[in-house]
Amino acid sequence: MDDLTELLKGVLEGAVLQILARQSNYGYEIVRALNQVGFDSVAEGTVYPILLRLEKKGLVDVTRERSEMGPPRKVYALNAAGHAALESFWERWSFITTRLRQLKEQQ
Amino acid sequence: MNEKRETNPWRRFTTYVARTRREKREWREYKARVKALPSDYRMVMNRIDKFIWNAGGGLDVQTWRVLCDICELFEEAAAAGRPVLSVTGDDVAAFSLNMLEAAQARTWTRQKATQLNSEVHRILRSEGQGGSGDEGQGGDNE
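Quick note, the sequences are listed as chains A and B, same order.
Numbers 47 to 153, taken from this note's numbering, label the letters of the first sequence in order.
Numbers 2 to 143, taken from this note's numbering, label the letters of the second sequence in order.
Just to be clear, a hint being listed does not mean it is correct.
Cut-off 27 Å, straight-line C-alpha distance, at most; resulting in silico cross-link-like pairs (DSS-like, lysine-lysine) [what the hints assert, rightly or not]:
hint, chain 1, residue 1, chain 2, residue 2
1, A, K103, B, K36
2, A, K102, B, K32
3, B, K25, B, K36
Distance ranges between label pairs, derived from CB positions [what the hints assert, rightly or not]:
hint, chain 1, residue 1, chain 2, residue 2, range
4, B, F52, A, S134, 31 to 37 Å
5, B, M44, A, S134, 37 to 43 Å
6, B, D92, A, E151, 49 to 55 Å
7, A, V121, B, I124, 46 to 52 Å
It is worth saying that the hints were derived from the structure and are not from the lab.
From the three backbone atoms N, C-alpha and C, an ideal C-beta is built for every residue, glycine too.
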């Protein structure tokens, strides 16, 4: 689907948290997971700032894993604060969808 | 970043010197890492560097840490053989600013924004009109 960019902005952080809730992962793999789910226009350049924000907010733990080709790769793992943030994301998300549906049905 | 405040002046001085030296060393390491990037990546990295300090309004060591983060992403992607624009997207500027924003780095723009908010709130308070009762997008209300 085209032109989700603006709408996705805040939501993508929740999507990334959800992906990491399943298992810890590399930045690039997270992008791929998003693409596979159908957000195919989501690019690396969109996801890296989100990962950096999650890191600065202390919602993920970052380790560096050695790789045979090139420099060590960053692995992101959801920590307890991250799990709490994910839960809060789903609460806020359902708040938004409920309100929007109400709004639509009022018409 | 999380170093606790030292009260002893001499210790403060020595930790300051140590920090400065460490930062200098890290800065040299960063420069060397940029130099080691493949040419496309190096070109983009250098331009992002310049852009962030000028247009991005970067101010201090936090800004520079964002550059290190970007450099690290570049190293990883370059090693995997991906083109540089697949990392940044076509809008290199937006990518750079988003990284800066995500790191909550102190920037000139952000500093001015905080200043605006706290000034407006302070003036309104001193005029006895109280804060904006609703959802005061509070700057830093001392």
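Hints versus structure:
Of the pairs offered as hints, the one joining K103/A and K36/B is violated, with about 31 Å between alpha carbons and a cut-off of 27 Å exceeded. A distance of roughly 24 Å separates the Cα atoms of K102/A and K32/B; the hinted pair therefore holds under the 27 Å criterion. Proposed proximity of K25/B and K36/B is supported: the alpha carbons are some 17 Å apart, at most 27 Å. Look at F52/B against S134/A: about 34 Å separates their beta carbons, and that is inside 31 to 37 Å.
For the pair M44/B and S134/A, the beta carbons lie near 41 Å from each other, so the given range of 37 to 43 Å is met. Separated by about 38 Å at the C-beta atoms, D92/B and E151/A break the suggested range of 49 to 55 Å. For the hinted restraint 46 to 52 Å between V121/A and I124/B, the CB-CB distance of approximately 49 Å keeps it satisfied.
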